[in-house]
Amino acid sequence: MNSLRTLFIGFTITFTLAWLGLVIIPYFQLGQLAPQVDEDAGMSYPLIRSGLAERGKQVYQANGCIYCHSQQVRPMDADPIKGRGWGPRRTVARDYIYDKPHLLGTMRTGPDLTNIGKRQPSADWHHAHLYAPQSMAEYSVMPPYRYLYTVQKIKSTPNPKAVKLAKGYQPEEGYEVIPTPDAIALVAYLQSMDRTYALPEAPLPKE
Amino acid sequence: MVLYYILMLVSLVVLGGSAVYALYWAASHGQFKKMEQNATTIFDSDEPVGEPTDAFPGIDLKKEIEHRAKAKEKSKKV
Amino acid sequence: MSKNLYGTPTDSTDAQERALVDASCRIPVLLFIASSVFWLLVGTVFGLIASIKLHNPHFLIELPRWFALYLDKFSPDGTVDFINAMLTFGRVRPAHLNIVAYGWASASALGVAIWLMARLCRAPLRFPALVTAAMVLWNIAIAIGTIAILGGKSTSIEWLEFPSYVSLMLFVSYALISIWGVNMFVHRKPGHVYVSQWYIMAALFWFPWLYGTANLLLIFAPIQGSSQAIVNWWYGHNALGLWFTPIGLAAAYYFIPKVIGRPVHSYYLSAFGFWALALFYSWNGGHHLIGGPLPAWLITSSIVASLMMFVPVLVTAINHHMTMKGNFHMLHYSPTLRFVVFGAMSYTLASLQGSSMAFRSWNSLTHFTHYTIGHSHLGLYAFFTMIMFGSIYYIVPRLTRREWPSITLIKIHFWGSAYGIILMVLVLSVGGVVQGWMMNNPQIPQNTFENILKITNPYLFARSLSGALLMVAHIAFALNLTLILLGWGKKTGGPTLFNQLEASEEAKPKESTL
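Chains as they are written, first to last, in this note's numbering: chain A, 61 to 267; chain B, 57 to 134; chain C, 1321 to 1834.
One thing to keep in mind: the hints can contain errors.
To be verified - DSSO-like cross-link-like pairs, simulated, lysine-lysine; straight-line CA separation at most 30 Å:
| hint | chain 1 | residue 1 | chain 2 | residue 2 |
| --- | --- | --- | --- | --- |
| 1 | A | Lys224 | C | Lys1774 |
| 2 | A | Lys213 | A | Lys178 |
| 3 | C | Lys1811 | B | Lys119 |
| 4 | A | Lys215 | A | Lys178 |
| 5 | A | Lys178 | C | Lys1731 |
| 6 | C | Lys1811 | A | Lys221 |
| 7 | C | Lys1473 | B | Lys132 |
| 8 | C | Lys1509 | B | Lys89 |
| 9 | B | Lys128 | C | Lys1645 |
| 10 | C | Lys1645 | C | Lys1774 |
| 11 | C | Lys1810 | A | Lys178 |
| 12 | B | Lys126 | C | Lys1731 |
| 13 | B | Lys90 | C | Lys1645 |
| 14 | A | Lys221 | A | Lys142 |
| 15 | C | Lys1509 | B | Lys119 |
| 16 | B | Lys119 | C | Lys1774 |
| 17 | B | Lys119 | B | Lys133 |
| 18 | B | Lys133 | C | Lys1473 |
| 19 | C | Lys1731 | B | Lys128 |
What the hints assert, rightly or not - Beta-carbon label-pair distances, calculated as ranges:
| hint | chain 1 | residue 1 | chain 2 | residue 2 | range |
| --- | --- | --- | --- | --- | --- |
| 20 | A | Thr256 | C | Val1506 | 35 to 41 Å |
| 21 | C | Leu1450 | A | Asp139 | 43 to 49 Å |
| 22 | B | Ile115 | C | Ile1467 | 30 to 36 Å |
| 23 | C | Tyr1588 | B | Val105 | 14 to 20 Å |
| 24 | A | Lys160 | C | Leu1457 | 43 to 49 Å |
Since the hints were derived computationally from the structure, they do not count as laboratory data. Remember, predicted model here, so these are calculated numbers, not experimental data. Using N, Cα and C, we set each Cβ at its ideal position, and we do this for glycine too.
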C-alpha cells in the first residue's frame, strides 16, 4: 500500500470492472437497437417526431421540465388498478432510441409524461396549462410559463392562435395572449408523446 | 451477439484474475507489513500522539482539560 | 526554546518543515477555499429560490407593480419575461445543483485535497502556478456555466447540465490538478503512505475518467437513448461515490485522529474499507433506474452492489467510532472535530439509508419522490459539506497564521447547519414517503394528485425554512472567513493554534483503554 504502482493497479482494476459492466456492455446490448417496422401498416415504432416536435423537445430541455416530470412507465405504473393511467404498458429501451438526450427524469412532482400526447391531445389545453397552470388545476405548483407567450393588443379581429384562458386568468380587456414559436413547438412535442404502441418485447395487455 | 457475451466473460475473467494476482503480489511483496505504524505517520515530534491540535480560538485547552479531569474525580468521590 | 500548550518544543525541524509546507500552499488553497465559499453562498440562494417556488409557484413571477414598471422603462419588450425565464424552477434548480456540486463541493474538495496531499507527502507544493491557473479556469467555467443554464442552454442531463464548452474547461482544470497530484505523490518524502493519500489519489485518478467518459458518451457523441440513461447515472452516482466520498473520507481519516491526538484505531480496517469501497461503489449507478427501461441483470447488479456497500461503510464507521471512543469530550473544544464527526456519522447514516433505498420494494415507494432529495442532501450536505467545513476551520488558521476572529460566528454556523440539515432531511423523508404512498395507491379515492400536492405542501414549506437556516449559517461562515482573510483575528506565534505556555504532563488527554 506504499507504492504508487500497487495503488494504480488497484484503482484501475476496480474502476474498469464497473466501467465494463455499466458502460461498455450496455452500449453493446442497448446502443444499436433498431426500430420495429410494421410493413403492412407502413409504420415504424417508436414514432419519429416531426421537426417542430424535435424543436419542442429542445424547449423542454432548456426549461428543465425533467426536474418535475418523468418519462418512464414502470411495470407498476401500468397496472390497471394501481397505476395512474400513465400508460398501458411499461416502457422499454427501444422506446427511447430517438431521444438525444434521454429525458427519463427522476422526480414526479408532476405526472409522468410518456403518453401525455395520448392523454391530452388538445393544443388549446396545453397552451392554457403552460400559460397559467393554476387555471387548469388550482393546486398545481407548476410555474406559469408566461415568457413563452406574448400579451398584445387585439388588432381588428382576435388572433385565431390566441390562447383560450379561463376567467380570472385572462389578460385585461382588449389584450390577447399569443404563443411564441417556442410555445408552439413545445406543445407539438407534448402532443407527439405517445408510446401506446406494442413492441414484441413489450406487448399491450389483453383487454 | 454471442461474441459479445464471450468477450464480456473473457474480460471479466482476465480482470478478476489479475485482481487476485495483484492481491497475492501485494501480500508477498510486503505491501501489507507494518500497517499499524502507518497510522502514526500523521504525527510529528512537536504534534505527537496524545496531544490534541485544535480548539476554538482563545480557549486554554490545557486548563479546560484539567478542569474536566478534576470535576470527574469529584463526581467519582461523591 | 518555545513550547506548545503541552510542553512539547515547537521549533523542531518537524515544525519548521510543516510551516514551510503550509506556507507553500497558501495562495492556491486559500483561493480555492475562498472561491468555493462564494459559490456556496450563490448556490444556497438558488436553492432557496427553487425551494420556495415548489410551494409558492408565483414567487418572483408576480413582481411588484412598481418594479415591473421600472424594468419596462428600460426595455419595454420583456425584461420581466427575461427575468421570469432566468428564474423559472426548471433553470434555477439545475443551476443550484451544478453550483453546489462543482462550484462549492468540488472546489473545496480540491483545496482541502491539495493541502492534505502537501502535508502528508511532507513536501512543499510543486508548481503552485499550475494549481492556481487551474483554479482560475475552474471559476470562470462555473460562472459561464451558471449563466448558460439560466439562459436556457442547459444540456438537460442531470449532473451534467453545463454546456459542452464549460465541461471542457472543467475537464482541463481537473486534469491539471490530477497530474499535479500524482506528481506530488511521486516526489513525496520517503516513508509511510497514509490512508488519506490513497483516497485522494484514487479520487484524482477516477474523476477525470468519469467526467470524460460521461461527457463523451452523453454530450459530445451521444449514444442511444436508454444506454445514455445508464451512463448518466453511472456518472452521477460515481461523482458521489468515487469523487466526493473519497475526499470526505480522506479528510475524516486525517482530521479525527489529528485533532484528538490519537492514531486511527485499526489501519488494517482502513485498508480493507478502502478496497471494498473501490470495488463495490462503482457498480451502484443503476439503482437510480430501478423499474426503468433497462436490462434486469444491470439493475440487479447495481442493487447487489448497493447492498454490498454495507461492508465498507460499517467498517469505516467502526474505525472512526473506536478512534473517537473516550475522546468525545473533545467535541466541546474543537470546531473542526464537531463538523467532521457530524459528517462522519452522517456518512454512515446516508449510506445505510442509500443501501435500503436500493431494495426494490422500498424503492417502488420512494422513487420519484422528495425522499430521494432528502437522501441526496444527507449525503452531499450532512456528510460531505460538513466535513469540508471542519477541514476549512482547521486549514485556514494554519495558512494565515491567525485565529478565527469570532467564536460566536463559528457556533452560529455549526448549529445553523446542523439543525438546518436535520430539519431538511426529516421533512423531505417523511413528506417523500407520504407522497410515494399516495402516488402508488390511486385506488383509494382520497389519493388524488390534488391531495398529494396539498399534503406535501407543508413539508416543502418546512424545507424552505431549513434552507433559510442554512443560509444564515453560511453567511456566518462567509463573514468569519472574509474577516480572517482580511487580517482580523489574533495572530499566532507558531504553526498551531496554541499560545506558547509552559505546561505540565497532566494536560494530556486520556487514551482509550481498548
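Check your understanding: CB of Tyr1588(C) to CB of Val105(B), is that within 14 to 20 Å?
Key -> With a Cβ separation near 19 Å, Tyr1588(C) and Val105(B) satisfy 14 to 20 Å, so the hint holds.
Exercise for review: Take the C-alpha atoms of Lys126(B) and Lys1731(C), compute the straight-line distance between them, and say whether it is at most 30 Å.
Suggested key: 26 Å, holds
Check your understanding: Would the pair Lys1731(C) and Lys128(B) pass a check requiring their Cα atoms to be no farther apart than 30 Å?
Key -> 26 Å, holds
Review point. Is it true that Leu1450(C) and Asp139(A) lie within 43 to 49 Å of each other by Cβ?
Key: Distance hint for Leu1450(C), Asp139(A) is violated at roughly 57 Å.
Check your understanding: Does Lys132(B) lie within 30 Å of Lys1473(C) when you go C-alpha to C-alpha?
Key -> Violated: Lys1473(C) and Lys132(B) sit about 67 Å apart, past 30 Å.
**Study point:** Distance restraint between Lys1509(C) and Lys119(B), which requires alpha-carbon spacing of 30 Å or less
**Key:** Not satisfied, since the Cα-Cα distance of roughly 36 Å exceeds 30 Å.
Review point. Is Lys178(A) within 30 Å of Lys1731(C), Cα to Cα?
Key: 56 Å, violated
Practice item. Take a quick look at whether Lys1811(C) and Lys221(A) sit within 30 Å of each other, Cα to Cα. Key: The hint is violated at about 71 Å.
**Study point:** Hinted pair Lys1811(C) and Lys119(B), Cα distance within 30 Å
**Key:** 21 Å, holds
Check your understanding: Are Ile115(B) and Ile1467(C) spaced within 30 to 36 Å by their CB atoms?
Key -> 44 Å, violated
Review point. Does the structure keep Lys1645(C) and Lys1774(C) at a Cα separation of 30 Å or less?
Key: 46 Å, violated
Review point. Okay, Thr256(A) versus Val1506(C) on CB: inside 35 to 41 Å?
Key: 60 Å, violated
The structure is inconsistent with the numbered hints 2, 4, 5, 6, 7, 10, 11, 14, 15, 16, 18, 20, 21, 22, 24, although it conforms to all the rest.
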